[in-house]
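Full structure from sequences and hints, please.
Listed below, chain by chain, are the residues.
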Amino acid sequence: DAGVIQSPRHEVTEMGQEVTLRCKPISGHDYLFWYRQTMMRGLELLIYFNNNVPIDDSGMPEDRFSAKMPNASFSTLKIQPSEPRDSAVYFCASSFRGPPQPQHFGDGTRLSIL
Amino acid sequence: QKEVEQNSGPLSVPEGAIASLNCTYSDRGSQSFFWYRQYSGKSPELIMFIYSNGDKEDGRFTAQLNKASQYVSLLIRDSQPSDSATYLCAGRPSGGYNKLIFGAGTRLAVHP
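The listed protein sequences derive, respectively, from chains A and B.
Using the working numbering, the first residue of the first sequence is number 1, and each one after it goes up by one.
Using the working numbering, the first residue of the second sequence is number 1, and each one after it goes up by one.
No wet-lab data here; the hints were simulated from the structure.
Hints may contain errors.
Which stretches of chain B does chain A cover? Using the computed rule of at least three CB atoms under 8 angstroms from a CB of chain A, they are [what the hints assert, rightly or not]: (1) 40-49; (2) 70-79.
Here chain B is said to cover these stretches of chain A; the calculated rule only asks that three of the stretch's residues, wherever they fall, bring their Cβ under 8 angstroms from a Cβ of chain B [to be verified]: (3) 44-50; (4) 69-82; (5) 101-107.
C-beta: ideal position from N, C-alpha, C; glycine also.
In C-alpha cells form, the structure reads like this:
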C-alpha cells in the first residue's frame with residue numbers, strides 16, 4: 001500500500017515568495033495532520049483535518065500560513081509571504097478514525113527560505 | 001498546557017545491552033501513547049503504541065505504561081547499532097481529540 005506522499009521533497013526559495021507544500025494521505029484515512037520540525041522546537045502540530053474539515057489550527061504560527069483540504073486525497077499547506085524563520089522540515093501525516101489511531105508520516109518537505 | 005517530556009540524551013549504550021527510554025506526561029486523562037523512531041534526515045516511523053497499564057511486547061521492543069505515575073517507557077533489548085536514532089514519545093490528549101502531543105525526543109546511540 002502507498003504511504004503518505006508529500007511533494008516537493010526539497011524546496012529552496014527566496015524570502016517573500018509563496019510556497020506550496022502538497023500531501024496525499026493514505027487511502028481510507030480520514031484524518032490529516034501537518035507538522036513542522038526544527039531543532040529548536042521539535043515536532044509541532046500546525047493543523048489537522050477530519051473528513052476534509054479543519055478541526056484545530058491553533059498551531060498555525062500566523063496568518064502567512066494557510067492550509068486546505070479540497071478532497072479526501074489531497075491537502076496543501078501554503079506560506080505567503082515566506083520568511084527565513086519558516087525554514088524547517090514539514091511533515092504530513094494521516095490516520096484512520098478507529099482507536100488507537102496511530103499516525104503515519106510522509107517523507108517530509110525540507111524547506112529553505114533564503 | 002498538556003505536555004510530554006523526554007530526556008534529550010544522548011543515551012549511549014553498548015551493543016547487546018538494554019536501552020531504556022523514558023517519557024512523562026502531564027495530562028492525566030491521556031489514554032493512548034505512541035513510540036516513534038526517527039533516523040537522521042528521515043520521517044518518524046511508528047514502532048508501537050500502548051493504551052493499557054502494564055507491558056506490551058513486540059519483538060525486541062517493550063512498551064510500559066504506568067498511568068498512576070504518568071510514565072511511559074520503551075525498552076529495546078539486544079540493542080544494535082541500527083537502533084541508533086531519535087525516539088519520540090507521543091500521547092493523545094484527553095477531550096476527544098485525535099491529535100498527538102509529541103515529546104522532544106531522546107537520541108539513542110548504540111556503540112559496537
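Query raised in the report: Given as covered by chain B, does the segment 101-107 of chain A meet the bar of three residues or more with CB within less than 8 angstroms?
Result: holds (count 7)
Query raised in the report: Are there three or more residues in the segment 40-49 of chain B whose C-beta lies within less than 8 angstroms of some C-beta in chain A?
Result: Since 6 is at least three, the answer is holds.
Query raised in the report: Do three or more residues of the segment 70-79 of chain B come closer than 8 angstroms to chain A, measuring C-beta to C-beta?
Result: With 0 residues closer than 8 angstroms to chain A, the segment 70-79 of chain B misses the three-residue bar; violated.
Query raised in the report: Counting residues of the segment 44-50 of chain A whose CB is closer than 8 angstroms to a CB in chain B, do you get three or more?
Result: It holds, with 3 qualifying residues against the three required.
Query - Whether chain B covers the segment 69-82 of chain A (at least 3 residues having a Cβ closer than 8 angstroms to its Cβ atoms) - result: violated (count 0)
Consistency note: the structure conflicts with the earlier hints numbered 2, 4.
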